[in-house]
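Novice: Protein chains in written order, with the working numbering: chain A, 1 to 376; chain B, 1 to 405; chain C, 1 to 169; chain D, 1 to 182.
Keep in mind that a hint or two might mislead.
[As the list claims (entries may be wrong)] Which residues of chain D face chain B? A few of them, derived with a C-beta cut under 7 Å, are:
| # | residue |
| --- | --- |
| 1 | E78 |
| 2 | R90 |
| 3 | P150 |
If you're looking for bench data, these hints aren't it; they were derived computationally from the structure. Backbone N, C-alpha and C define an ideal beta-carbon position, used for all residues, glycine too.
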Amino acid sequence: MSIPAEAGLYTQAVDDDKLTVSIGPQHPGAGHFRFTITVEGDTIVDAVPDPGYVHRGAEKQTEYRNYLQSIPMLERSSLTDVTNIIMPYSMAAEELMGIEIPPRAKYLRMIMSENQRILSHLYWMAIQGIFLGHSTSFMWPMGDREMFIDLGQILGGARVTYSFAIPGGVRNDLPEEFKGRAIKTFNHFERRLVDYERIFYNNPLFLKRTQGVGVLPRKEAISLGVVGQTLRASNVKSDVRIDEPYNFYKEMDFEVPSFDTCDTWARCMVHLIEMRQSMKIMRQCLDKMPSGPVRAKLSPQQRTIVGEAYTRIEAARGAMSFHIISDGSTKPYRVKISVPSMRNLIALPRLLIGSHVADMPAIYWSLDYWPVEADK
Amino acid sequence: MAAITNFEDFAKRILKIVFWLLIILPMVILPLFYIFYVLPIEISCNFNVLNCSQKIDWSLALYMFDPTKMNPLDPTSYISQLGLGATSPLFKVSTFPGLTFAALLSSMVIWYERKLLAKMQYRVGPLYAGRIEGILQSFADLFKLLFKEIVIPAKADALFFISVPFALMAASGALLAVIPISPTNYIALSPYSLLIAIAILGFFPIITVLAGWASSNKFSFIGGIRALYQMISYEIPLIISVLSVVILAGGSLDLMGIVNAQSKIWFIIPALLAAIVFYLTAMAEVERIPFDIPEADSELVAGWLTEYTSMVFGVINLAIYIKLYALSSLFTLLFLGGWQGPAPIPALAWFLIKTLIVMTIFIIPRGFNPRVRLDQLIGLGWLWLIGLSFANVFIAVILRASGLL
Amino acid sequence: MSAPPAKTELRQEEKAILEALSSKLGSRITVAYSKPNRIKIIVSPIDLIEVATCARDDLHFDQCANVTGTDFPKDKQIEVTYHLGSIEGAGLRRIILAIACRVPSATPELPSLIEVYPSVNYHEREQAEMLGLVFKGHPNLSRFLLPEDWNDIPPMLKAYRLPGRLEGE
Amino acid sequence: MVAEQVEMKKSGPGAARDGPGLSILVGKAKEVIQQAIVDPLTYLANWGRIYSLWPVHLETACCSIEFGAVSGPRFDCERYGILEAFGSLRQCDLVVVHGTVTRKMAPRLRWIYDQMPEPKYCIAMGACSITGGVYFDSYNVLPGVDQVVPVDVYVPGCPPRPEELIDAFLLLQDKIRKQKIR
Numbered sequence: 001m002s003i004p005a006e007a008g009l010y011t012q013a014v015d016d017d018k019l020t021v022s023i024g025p026q027h028p029g030a031g032h033f034r035f036t037i038t039v040e041g042d043t044i045v046d047a048v049p050d051p052g053y054v055h056r057g058a059e060k061q062t063e064y065r066n067y068l069q070s071i072p073m074l075e076r077s078s079l080t081d082v083t084n085i086i087m088p089y090s091m092a093a094e095e096l097m098g099i100e101i102p103p104r105a106k107y108l109r110m111i112m113s114e115n116q117r118i119l120s121h122l123y124w125m126a127i128q129g130i131f132l133g134h135s136t137s138f139m140w141p142m143g144d145r146e147m148f149i150d151l152g153q154i155l156g157g158a159r160v161t162y163s164f165a166i167p168g169g170v171r172n173d174l175p176e177e178f179k180g181r182a183i184k185t186f187n188h189f190e191r192r193l194v195d196y197e198r199i200f201y202n203n204p205l206f207l208k209r210t211q212g213v214g215v216l217p218r219k220e221a222i223s224l225g226v227v228g229q230t231l232r233a234s235n236v237k238s239d240v241r242i243d244e245p246y247n248f249y250k251e252m253d254f255e256v257p258s259f260d261t262c263d264t265w266a267r268c269m270v271h272l273i274e275m276r277q278s279m280k281i282m283r284q285c286l287d288k289m290p291s292g293p294v295r296a297k298l299s300p301q302q303r304t305i306v307g308e309a310y311t312r313i314e315a316a317r318g319a320m321s322f323h324i325i326s327d328g329s330t331k332p333y334r335v336k337i338s339v340p341s342m343r344n345l346i347a348l349p350r351l352l353i354g355s356h357v358a359d360m361p362a363i364y365w366s367l368d369y370w371p372v373e374a375d376k
Numbered sequence: 001m002a003a004i005t006n007f008e009d010f011a012k013r014i015l016k017i018v019f020w021l022l023i024i025l026p027m028v029i030l031p032l033f034y035i036f037y038v039l040p041i042e043i044s045c046n047f048n049v050l051n052c053s054q055k056i057d058w059s060l061a062l063y064m065f066d067p068t069k070m071n072p073l074d075p076t077s078y079i080s081q082l083g084l085g086a087t088s089p090l091f092k093v094s095t096f097p098g099l100t101f102a103a104l105l106s107s108m109v110i111w112y113e114r115k116l117l118a119k120m121q122y123r124v125g126p127l128y129a130g131r132i133e134g135i136l137q138s139f140a141d142l143f144k145l146l147f148k149e150i151v152i153p154a155k156a157d158a159l160f161f162i163s164v165p166f167a168l169m170a171a172s173g174a175l176l177a178v179i180p181i182s183p184t185n186y187i188a189l190s191p192y193s194l195l196i197a198i199a200i201l202g203f204f205p206i207i208t209v210l211a212g213w214a215s216s217n218k219f220s221f222i223g224g225i226r227a228l229y230q231m232i233s234y235e236i237p238l239i240i241s242v243l244s245v246v247i248l249a250g251g252s253l254d255l256m257g258i259v260n261a262q263s264k265i266w267f268i269i270p271a272l273l274a275a276i277v278f279y280l281t282a283m284a285e286v287e288r289i290p291f292d293i294p295e296a297d298s299e300l301v302a303g304w305l306t307e308y309t310s311m312v313f314g315v316i317n318l319a320i321y322i323k324l325y326a327l328s329s330l331f332t333l334l335f336l337g338g339w340q341g342p343a344p345i346p347a348l349a350w351f352l353i354k355t356l357i358v359m360t361i362f363i364i365p366r367g368f369n370p371r372v373r374l375d376q377l378i379g380l381g382w383l384w385l386i387g388l389s390f391a392n393v394f395i396a397v398i399l400r401a402s403g404l405l
Numbered sequence: 001m002s003a004p005p006a007k008t009e010l011r012q013e014e015k016a017i018l019e020a021l022s023s024k025l026g027s028r029i030t031v032a033y034s035k036p037n038r039i040k041i042i043v044s045p046i047d048l049i050e051v052a053t054c055a056r057d058d059l060h061f062d063q064c065a066n067v068t069g070t071d072f073p074k075d076k077q078i079e080v081t082y083h084l085g086s087i088e089g090a091g092l093r094r095i096i097l098a099i100a101c102r103v104p105s106a107t108p109e110l111p112s113l114i115e116v117y118p119s120v121n122y123h124e125r126e127q128a129e130m131l132g133l134v135f136k137g138h139p140n141l142s143r144f145l146l147p148e149d150w151n152d153i154p155p156m157l158k159a160y161r162l163p164g165r166l167e168g169e
Numbered sequence: 001m002v003a004e005q006v007e008m009k010k011s012g013p014g015a016a017r018d019g020p021g022l023s024i025l026v027g028k029a030k031e032v033i034q035q036a037i038v039d040p041l042t043y044l045a046n047w048g049r050i051y052s053l054w055p056v057h058l059e060t061a062c063c064s065i066e067f068g069a070v071s072g073p074r075f076d077c078e079r080y081g082i083l084e085a086f087g088s089l090r091q092c093d094l095v096v097v098h099g100t101v102t103r104k105m106a107p108r109l110r111w112i113y114d115q116m117p118e119p120k121y122c123i124a125m126g127a128c129s130i131t132g133g134v135y136f137d138s139y140n141v142l143p144g145v146d147q148v149v150p151v152d153v154y155v156p157g158c159p160p161r162p163e164e165l166i167d168a169f170l171l172l173q174d175k176i177r178k179q180k181i182r
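Next comes chain A alone, as it looks inside the complex:
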């Protein structure tokens, strides 16, 4: 095992007033990811991403496991967002197995999915804070995140990894104390969101650091194929929950935010508003939920039809889609995950080139790029 002598690792290359700097993988502003930037003065003139530090080959491993066994492993690919990476997989598997899941299970999946969205957004917000040098903006969301982790713990039984939305429904029914606890949490957190907006997002220095930084115009956002908050911040009101409603999102009353400023600030605000909307959806789900079974009958070695399925949902970071090809056996023939992080990565060099060095962490994390998810 050796490290190649790429640009930016060994040499103190100072030519043409340019300096090549390697950011990551051990860097407070990069996480499990590396990119090399070339700077001229204070301006970035080139940026080359180098992912793959967390590539664990989950797609290959699914070929050796049956449909149920793959779930815990796929879940680890996106630990902040576990239900939303499992749900499209389960939906594809159900399509191939030809089973319909009971409505209560769909509601429970929605509750868990929205809870995960809040967890992921709070984690995002915390790291955005630390990337801007704002340590309180790291601690407060991290603390409030624990409340939603508790909610997930009541429903799913674990702190982070629930394996909740399995093919055929969900793993267990809602415990009795969940509803009261959830309403209490929502009431508290809605007040906290107002605080966040007032204290963190209306801070003049925060506005100076984010407004007009990393502008991705609407047309480019569409042609680059970015998803999620990055797309919505670029003035596209697109959300799989509305575009191609799955579960019962058609019956829910919620808004999809979009901003026409197309900058980092808009991406921050989209995250903030989405958390509020998620709580709104969860409240409606808790009210409307019918009683009934939560799982369809399913054998662990369930056979599938020969064919393929392409399902997509709106995960916390954007559209997450699974392409499963089946040869009729108990194991999938090929599983391809199209993760939102990988789709947003393409915008990173585009946004970094021409911006200041100091804006690099803000832009990088505003795309909500989670390397573990992108590398699979």
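Assemble chains B, C and D onto chain A, guided by the hints.
Specialist: Frame of chain A; chains B, C and D shown alone:
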């Protein structure tokens, strides 16, 4: 410890011993020496212990720091003959208004800062080091750093690399020398002490650029250049903001004189704009968040401090905190009337209370502000702060000319 | 792969897409399946760019969401599927159009769609690495996710066995 | 201890010349020095190390979000003097391997470990970093980081709960407390 095999090891060993001496001597041995050897003699020389009751009055210990209560002509006071008494330059420089006092205060301020920040963030902060609320946290950090390996990168310029902590410590210490902390406790008196302090502040950008260059690390280099930009563009508003204070004080460049000129009114009221400018520029000088651009850890790993290890890093950090202390005491002297205050509290206590409040104000923005960008910072400095400080100069001139002050 | 029978009736948009495709390209495309919201067509590698351009310009599929490469050792072929999505097209946001083309395993070469869809950049690079495909016209097909010193056949080929698994496990 | 040294001296070549008296003196002096200087210094150094473990900001995989939770307000590891995420590895003394180490990351991990100044400690967090976890049959995952770096404390779990990680910090403190100073 491994056997010495080459010169590098030997040099590291020697350096370690020097650090030990530098830290242990002023911080442990000298205070112990003064408390257990000099202090009893001083007390027995100046007061007739036999006439008092047999109980030891510990409040007498305070008089050790008050030279007016001592009789230098007393033949029994051989301590002062030896040049080791509380009035001697050695004591002043090394222990009381000087390095040890500032270092102890700074290390307590590090703990205070971490605790305060933790409270702002719904946390506990340091808790277990030192049993009582983690009060010894910075000493734990200190001892850990003392016993750590010193790494000098292979491509670094070793001489300059290792000279940076010494230079920083010397510059910070020199800053302390001209700052009086009460009418009787000072290291050096000079009619130009304010000028000297500002001149010493001009050394710091050179040292940081040296650190960045000598480390031979790209992050250090960018950090050093950023520090240079930041400090140079903030030195000018700093000097102009001080100018209005000097005008208000009747042209006195002596910090003692400036404090005495504030007996009627503290200068923060007529020179409010200058105080704001001084506050912002001082914050940029000591690289506090939101102006910690040279060591921005999410962009440049640790800025110009990236390659510094163990006690070298510890000394640099200590020097930065001593600089923070020096600048807060300058703020107190220039704008808050120094040690002046109502009688029952002694002058020294007034000064320390005010300085701690100023330090808290320096620390608190860290809790609720993100970092600013370099171009925004420089724009703020050149466009707004210089204008504001000039405006205050005019206000001061008008006040002075009209005879109001 | 045989197409599964469509369960429900197709809506207006799907029918329009199918009609437009068949009228524009005639016999050069084969419709693998058409389900609600999902249409898959199979083209030959030579026609790939033309079909993709047609999908972008005439059918308003303005981005590529996913590229899947699948190894079929029985047919000695590798199938590459592009999943196209639409944002601007009216009523098309729910529809995914899949364009598949099959290349022989021995010479896995096909034209890159990067000129038509800039968003396939990293998807194609990943699939090229995972299956040993060669996308002609792609500016950079260097190592992406795998370690730099990867010294084995591409891992997503069926011939590659996981080191932790025995034969037939 | 003294008796042993006397024995050794007697049997050694210098036994006849020095005599027993001097060697007892030498032995005593060593003991006195040991008790008066070395032991307090060892205590002091270890006390400092215990309460000032600064972790490297190295995220290898998904366990890093639980590490973030540990530095968050509920579990607040700054109580033990552990900072949340530290800038430069030159000032750090603890590597927490957050989960899976892939073949691409492994040389970097070793490189980072080598660049850190002594003394340094390593915590393997999560099942993936101990044995490979659910990725036991993956083509790109190391079956355990102890192939790459020496590990002091192993924390099982996938991902470990924050309480378990704090327990690992306490175990590491115990380990340091028993260490001899180098």
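Novice: The structure should be examined with respect to each hint, and the outcome stated for every one.
Specialist: So, going through the hints one by one against the coordinates:
no.	hint	result
1	E78	holds, 6 Å
2	R90	holds, 5 Å
3	P150	violated, 16 Å
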